[in-house]
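Chains as they are written, first to last, in my numbering: chain H, 1 to 163; chain L, 164 to 850.
Check before you lean on any hint, since a few could be wrong.
[Claimed, not checked] In silico DSS-like cross-links for lysine-lysine, where the CA-CA straight-line distance does not exceed 30 Å:
hint	chain 1	residue 1	chain 2	residue 2
1	L	K550	H	K19
2	L	K345	L	K201
3	L	K336	H	K101
4	L	K290	H	K76
5	L	K763	L	K457
6	L	K432	H	K22
7	H	K80	L	K336
8	H	K76	L	K460
9	L	K345	H	K104
10	L	K460	L	K442
[Said to hold, decoys possible] If you want a taste of the chain L side facing chain H, the calculated C-beta under 8 Å gives, among others:
hint	residue
11	R291
12	P294
13	N295
14	S327
15	L328
16	G329
17	G330
18	L331
19	Y332
20	Y342
21	V346
Since the hints were made in silico from the structure, they are not lab data. Idealized CB from N, CA, C, for every residue including glycine.
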Amino acid sequence: MTFQFTPENMKEAKAIIAKYPKGRQLSALIPLLDLAQRQNGNWLSEEAMNYAADMLQVPRIRAYEAATFYTMFNLKPVGKHLLQVCTSIPCGMCGAAQVLKTCKDRLGINAGETTKDGLFSIVEVECLGACIHAPVVAINDDYNEKLSSKKMTAIIDKLEKEC
Amino acid sequence: MTKLVIDNQEIEVEEGTSILQACEQLGIKIPRFCYHDKLSVAGNCRMCLVEVENMAKPVASCVQPCSEGMVVHTNTSNVKNARDSVMELLLINHPLDCPVCDQGGECDLQDYAYEYRNKGSRYNFAKRQMPNKDLGPLIKTDMNRCIACTRCIRFMDEICGVPSLGGLYRGEKLDIGTYVSKVLTSELSGNLIDVCPVGALTNKPAAGTYRPWELRKTISVDVFDAVGSNICIDTRDNEIIRVTPIRNDGVNEEWISDKARFAIDGLKKNRIDAPYVDKVQADWSEAFNQISEKLGKTSPERIAVIAGNMVDCESMFAMKMLMSAMKCCNLDCCQDGSVYDISARNNYIFNAGIAGIDEADAIILIGTNPRKEAPVLNARIRKRLLKGDCSIALIGEEADLGYPYTHLGNTPQAITSLMGVEGDFAYILSRVDKPMFILGAGVMARDDGAAVHQNAKILAHRYGAVRTDWNGFNVLQNVSSRVGGLDIGFVPPEGTGYGVHGVYEGKADVLWLVGADELDFDRIRKANPNVFIIYQGHIGSAGAENADVVMPAAAYTEKDAIYVNTEGRPQTAFQAVFPPGMAKPDWSIIREFSELYGCKLPFDSLAELRALMFSQVPVFIIEEHTHQEIMTSYSSYLNDSTMSNAPFKPAIDNFYMTDTISRNSDTMKKCTEQILGLSSKTYSEGA
Numbered sequence: 001m002t003f004q005f006t007p008e009n010m011k012e013a014k015a016i017i018a019k020y021p022k023g024r025q026l027s028a029l030i031p032l033l034d035l036a037q038r039q040n041g042n043w044l045s046e047e048a049m050n051y052a053a054d055m056l057q058v059p060r061i062r063a064y065e066a067a068t069f070y071t072m073f074n075l076k077p078v079g080k081h082l083l084q085v086c087t088s089i090p091c092g093m094c095g096a097a098q099v100l101k102t103c104k105d106r107l108g109i110n111a112g113e114t115t116k117d118g119l120f121s122i123v124e125v126e127c128l129g130a131c132i133h134a135p136v137v138a139i140n141d142d143y144n145e146k147l148s149s150k151k152m153t154a155i156i157d158k159l160e161k162e163c
Numbered sequence: 164m165t166k167l168v169i170d171n172q173e174i175e176v177e178e179g180t181s182i183l184q185a186c187e188q189l190g191i192k193i194p195r196f197c198y199h200d201k202l203s204v205a206g207n208c209r210m211c212l213v214e215v216e217n218m219a220k221p222v223a224s225c226v227q228p229c230s231e232g233m234v235v236h237t238n239t240s241n242v243k244n245a246r247d248s249v250m251e252l253l254l255i256n257h258p259l260d261c262p263v264c265d266q267g268g269e270c271d272l273q274d275y276a277y278e279y280r281n282k283g284s285r286y287n288f289a290k291r292q293m294p295n296k297d298l299g300p301l302i303k304t305d306m307n308r309c310i311a312c313t314r315c316i317r318f319m320d321e322i323c324g325v326p327s328l329g330g331l332y333r334g335e336k337l338d339i340g341t342y343v344s345k346v347l348t349s350e351l352s353g354n355l356i357d358v359c360p361v362g363a364l365t366n367k368p369a370a371g372t373y374r375p376w377e378l379r380k381t382i383s384v385d386v387f388d389a390v391g392s393n394i395c396i397d398t399r400d401n402e403i404i405r406v407t408p409i410r411n412d413g414v415n416e417e418w419i420s421d422k423a424r425f426a427i428d429g430l431k432k433n434r435i436d437a438p439y440v441d442k443v444q445a446d447w448s449e450a451f452n453q454i455s456e457k458l459g460k461t462s463p464e465r466i467a468v469i470a471g472n473m474v475d476c477e478s479m480f481a482m483k484m485l486m487s488a489m490k491c492c493n494l495d496c497c498q499d500g501s502v503y504d505i506s507a508r509n510n511y512i513f514n515a516g517i518a519g520i521d522e523a524d525a526i527i528l529i530g531t532n533p534r535k536e537a538p539v540l541n542a543r544i545r546k547r548l549l550k551g552d553c554s555i556a557l558i559g560e561e562a563d564l565g566y567p568y569t570h571l572g573n574t575p576q577a578i579t580s581l582m583g584v585e586g587d588f589a590y591i592l593s594r595v596d597k598p599m600f601i602l603g604a605g606v607m608a609r610d611d612g613a614a615v616h617q618n619a620k621i622l623a624h625r626y627g628a629v630r631t632d633w634n635g636f637n638v639l640q641n642v643s644s645r646v647g648g649l650d651i652g653f654v655p656p657e658g659t660g661y662g663v664h665g666v667y668e669g670k671a672d673v674l675w676l677v678g679a680d681e682l683d684f685d686r687i688r689k690a691n692p693n694v695f696i697i698y699q700g701h702i703g704s705a706g707a708e709n710a711d712v713v714m715p716a717a718a719y720t721e722k723d724a725i726y727v728n729t730e731g732r733p734q735t736a737f738q739a740v741f742p743p744g745m746a747k748p749d750w751s752i753i754r755e756f757s758e759l760y761g762c763k764l765p766f767d768s769l770a771e772l773r774a775l776m777f778s779q780v781p782v783f784i785i786e787e788h789t790h791q792e793i794m795t796s797y798s799s800y801l802n803d804s805t806m807s808n809a810p811f812k813p814a815i816d817n818f819y820m821t822d823t824i825s826r827n828s829d830t831m832k833k834c835t836e837q838i839l840g841l842s843s844k845t846y847s848e849g850a
């Protein structure tokens, strides 16, 4: 399986690289990995990481290092909707455990797993930076705030229906 | 200059010196794991904490630069407490397997654990478990022992130029590895064993065979390439256990090549331990009688002697004396057929010196792949490049050298075109102060070798590389006996003698090989089917198989000997173990034979031989050596300086198997197969 940027993403990648001076291409690595992850169905394959590193002419190991360091990069395929449940202290105090349990029960999977139909994945994440509206669950790029068990079930139902 | 006070002692240091370096200048020992003075500074182990007045917290002395008026304390209870805590943290996940760890006894972590936090652990939970890696046939990993100092990552990045190691994942799960499983492909990867402060990366071939305190250390010189890296041979009883580098900033800094470190198992089998006459085991007198009978019946001009690639200076000198006593002048120390003008030493040595690379501001490699021919020297070129303001160009076959370079072409024509003023690199060369030209020894083995040599010299003059304060014209030799042999004059005198080429033409009836195996024996036999071959050497390979008389000689680990490296630096190697069976050092075989043959050589011991040699070849006097040879004479010894159009070919095909010892080594076989993906059988046959 080979990975390659689509023409639009290629244009974007070039714009990202142009932001940094010559000899500092490594700085563009994380935005490129992000771009690659978005194009690749929300996860980074080895090919995608190699592609980004080769494009910047940096050693491939630098891409592996960055991708494994940040938990926002998924190294395995994930479901279409990635439920990122914040379990840090403020969310935890406002009932994140209950929200997480609801997700698990409703979908029948544990944190770090994907449903059989490939629609949902659950991960536990650290603070999402929206403590004022705790508890928070980020689904892909969208934040769902002030959640309860009921609201969470409704959101999952809605997403399931849309598919 | 910056003035500061460390432990009540005043010191003045250069700007940019770190506190740790200043402490070292005062002789104050600061514990460290991640700091290594040949690598970039990471500052992540925190073991080197010191207290600085008016700073709120202890500071890491390896990253903190000295500043004016700073007052530093390195031995207060605060410092001790801080380091105790760091030590406790580092030991949380470190297994208590010192009794079975190869690093035990020479481990930084073990040593510092005695000094700091020596009261046991407060950690009662399960320790982190890390899977071990397969990094190839040379490095054994035990990742549980890793303390994440990242020295190995920086070493592979900065020194080797093969960035294949990285720090994966984060926090407690930090894992040093390659992510995609692969072997390390650097020729210097063995140095990771020394770089690693703990037992995470250890010597795989020697795993579990020794404890450091049992080993007897002998100073020696690496003979697998012409760099002459300083090595320490560790032995137990009469067995070589391992080879480690000795620091010499003028030669090898702290590194040695993988061949120097791991090919030693090639010395443990297939050894010639007794003389053989017509493939039948004999004793010394039989062998000597056979030889003297044959030599007596042969006229001197039908006798030829060829010295191999690892022969020491004393042996070649003794051989030359024997042959001149016999009125024979057909000597050659260049098995590959290269011909040098030995009237001036600067024609064949690395004139600028290996340390001179640090000063060069443009480097042009001609017909050489230093990564294979001299990996340690190649690391020095890379180091120079990383320092900045240096351009590197290659004329020769394109290859991954571990650093970027401008490729100027693959034929001698590129030298001619560089003579002109046109072209980017010619422009760079005309502007730099200290250009450096490195001509590979492989070039000299070409038919037009002398012409290329001549033109490269003209090129060096053209860009002002040869002047009274700088000689940037260098020949990079790739075998350890070459410079010594040329210094002694172990070459046929022009017009009156012949060397390897004459042997291939069938001019010799008796061929005496001193450790020479890299010859085309089929061609020799074809040219003269009646040739009588005498071989003295240490491993049964092509030379011994084709010989009529075989004499057992000592290998480089088994004798005291002088070797001259590519920059013309004579260095002494000492005997680490005894030679097997009846084997003797080459010079003593020659001396004994001379007495029997009735032309007794005028020395009875190695000391006497050396005194004689020093009087005739004064450049070998070790105390008087200076590596800077300034080219004064500019002899144009060639009438025909036309270069052919043939592309340059690499002098070394497979780095891991270049000589009898490394071809005989199981470790090197594994490297050939697993790292290069080649079949080792192709190489083990010999040239």
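Right, here's what the structure says about each hint:
A C-alpha spacing of about 26 Å is found between K550 of chain L and K19 of chain H, which places the hinted pair at or below 30 Å, so the restraint holds. Between K345 of chain L and K201 of chain L, the direct Cα distance comes to roughly 26 Å. Compliance with the 30 Å bound is thereby established for this hinted pair. Using a Cα cut-off of 30 Å, the hinted pair K336 of chain L and K101 of chain H holds, with the two alpha carbons roughly 26 Å apart. Our distance criterion of 30 Å between C-alpha atoms is met by K290 of chain L and K76 of chain H, whose separation comes to about 27 Å.
With a C-alpha separation of about 18 Å, the suggested pair K763 of chain L and K457 of chain L falls inside the 30 Å cut-off, and the hint holds. Restraint check for K432 of chain L and K22 of chain H: the C-alpha separation of about 54 Å exceeds 30 Å, so the hint is violated. With a CA separation close to 28 Å, the supplied pair K80 of chain H and K336 of chain L stays within the 30 Å bound. Only pairs whose Cα atoms come within 30 Å are accepted, and K76 of chain H paired with K460 of chain L is rejected, the gap being roughly 80 Å.
Proximity of K345 of chain L to K104 of chain H is assessed by CA-CA distance (about 38 Å); at most 30 Å being required, the pair is judged violated. Between K460 of chain L and K442 of chain L the CA atoms are separated by roughly 22 Å; this keeps the pair inside 30 Å, and the hint holds. Look at R291 of chain L: its Cβ only gets to about 16 Å from chain H, farther than 8 Å, so that hint breaks. Violation of the interface hint for P294 of chain L is found here, the shortest Cβ-Cβ separation to chain H being roughly 15 Å, above the 8 Å cut-off.
Against a cut-off of 8 Å between C-beta atoms, the interface hint on N295 of chain L is violated, since the closest Cβ of chain H lies about 18 Å away. Of the supplied interface hints, the one on S327 of chain L holds, with its beta-carbon coming within about 6 Å of a beta-carbon of chain H, less than 8 Å. Checking L328 of chain L against chain H by beta carbon gives a least distance of about 7 Å; that is within 8 Å, so the hint holds. With 8 Å as the threshold, the beta carbon of G329 of chain L comes within range of chain H, its nearest partner Cβ sitting at about 4 Å, so the hint holds.
Checking G330 of chain L against chain H: minimum C-beta separation of about 6 Å stays under 8 Å; hint holds. Of the supplied interface hints, the one on L331 of chain L holds, with its beta-carbon coming within about 4 Å of a beta-carbon of chain H, less than 8 Å. Hint on Y332 of chain L holds. Least Cβ distance to chain H is approximately 5 Å, under the 8 Å limit. The beta carbon of Y342 of chain L is positioned within 8 Å of a beta carbon in chain H (closest approach about 4 Å), and the interface hint is therefore held.
Below 8 Å, beta-carbon pairs count as interface contacts, and V346 of chain L has none with chain H, the closest being about 14 Å; its hint is therefore violated.
When held up to the earlier numbered hints, the structure conflicts with 6, 8, 9, 11, 12, 13, 21 and fits the remainder.
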